[in-house]
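Given these sequences and hints, build the entire structure.
Take a look at the letters that make up each chain.
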Amino acid sequence: MRAHLLALGAIVVVGAVAAFGLHSQVTLELLFTFLLYAVLGQSWNWISGYAGNVSFGHAIFFACGAYAAAMLVAAGFSPWLAFPAGALVAGLLAVITGFPTLALRGHYFSIATIAVAALVDAFVRTTPWFNGANGFEEPIRNGWGAMQFAQKTNYVLIALVLFAFVQLATIVLERSRLGYYLRALRANHAAAAAVGIDERRWKLIAFAWSAVMASAAGVLYAQDTLFVDPPSVLGLSVSIDIALIGVVGGIGTVWGPAVGALIYVALAKGVALQLGGTGKGYDLVIYGALICVIAALRPRGIVGSLVDASRRRRGARIANDGAAPVAERAA
Amino acid sequence: MSALLEVRGLAKTFGSVRALDGVDLTVEEGRLTGLIGPNGAGKSTAFGCIAGAMKPSAGSVRFRGREIAGMPYYRVATLGIGRTYQIVQTFADMTVLEAVTTGALLRHPRLPDAIAHADEVLAFVGLAEKRHRLGSALTIADKKRLEVARALATEPTLLLLDEVMAGLTPAECRDAVALLRQVLTRGITVLMVEHVMEVLMPIAEHVVVIAAGKTIFSGNAHAAVRDQAVIDAYLGSPIEHGEIAEGAR
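Sequence order for the protein chains is A and B. In this text, residue positions in the first sequence follow the numbering used here: the first is -15, and each later residue adds one. In this text, residue positions in the second sequence follow the numbering used here: the first is 3, and each later residue adds one.
Hints listed in this document are in silico derivations from the structure and should not be mistaken for laboratory results. No residue lacks a Cβ here, since even glycine has one placed at the ideal position from N, Cα and C. Hints are all accurate, no fakes.
Pair by pair, the computed Cβ-Cβ distance ranges are:
1. ILE89/B x PHE4/A: 54 to 64 Å
2. ARG112/B x ALA174/A: 19 to 29 Å
3. GLU157/B x PRO68/A: 34 to 44 Å
4. PRO123/A x ALA118/B: 49 to 59 Å
5. GLU69/B x ALA174/A: 17 to 27 Å
6. ARG185/A x ARG33/B: 27 to 37 Å
7. ARG33/B x ILE80/A: 42 to 52 Å
This is the structure in structure tokens:
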């Protein structure tokens, strides 16, 4: 736990220094995108990594925040209100859709999330209240009140705070009843029930928190791009990007989503900057190939494999030493 | 002494198969009760219905006077019934300590309290030295021990053990029996499903024998092995000499 907190502290300091020190808007945009995707990946990781219910519809929660921001601004309110408003809608949506689906086994939950996402997408596209397929364009303003900035620095700072908050929540999750219960449910739902774990209750809590995190990222996204429409925040490709970040980095680990986001930004966006303009899509080829390699060789993702290896070593070492000191505590 | 668990007329059908067809059993508080029967008698089905993993088709299961038949599985554990599985069900990617802590969290919601309690239970069952090993990396005997520890960590009043001795060497069996005796001295009531009668004989004060989904005997373990219905269920009914003679020819 200490190691996690130290790592988080170091990242926040480095991130803040970079936000103020870097002047390249392109680099700051990449940093911002990285933080945003790390938050989205972590959001996905709560329900799909720790709890083991793989969601392919996470974009709908991201969209809750993005639409909340755009619609509140259009109605003359502060976009800051979108954090609680988006969280409320996303949390409710998670509870309503999770109640009948979270106890589904295997791939059926994933299929249900795709179906729900398609439904929400269709609903938003055809509802005038959401401006249908046109979406919302935010008027250009400036300053903290409007959560709009000419320079990227402040966006990076807000994203950094959000990232720190989400990482901290996950570190706490790992050392909490909820975290243990989710892992137990993922490993063996019958054995989990036998020790008194109510699957639906604990997974609903995780799903709601997951949705709230994704929604917060959506608010920030809307304020950065100033444009929200169904394909950009509700499309299946958005959901898949979020899931891939979680899978590549490592499911059910504190740092997996951040590593996944780093790889995603470095490859998908970084390579796109170099090669994307050629129109040949090399960036997507490289990213796609990488995902295939990880899926084939390291199903638990990069960080997941490292964690497994260290646990095996630790177990073996203690076995060789014979008796472990009784006072020793799990890290 | 009073009945902690009372099962009456328990029935379970799977399609047209009647797996249970009127099982009655009573588990007295503070004792070890054995549930035995030949292969396919319905022991595991009866066990599943009592533990809440299966919904009985008919009959009642009363725990401390309260009807629990058909209750959600997880609720049964919260009422104070712990169980193990015949085929061990580990939390694969958890260490021994983490798995037992998961059980302890039922009565100790704060993690440090749960870990402290899990440590006590691990010391009690003799797994303290292996606390940081992955549950999936243990031997069969230790995995079964881990299942008992995980169930004990929920602080049950009644512990249901499903063939904990199956697959153990004679030495491991002796260790397991010693552990069971310790569990009993803690005042925990045990209902134990066993296929092998010899395992139960020295420790069970009371046995219930089921065959073909029905209770055929209930009483003292030593009386059970002399009971004609029990002998018939295990060995088959006596047949005429003529039949054997014909079979031999």
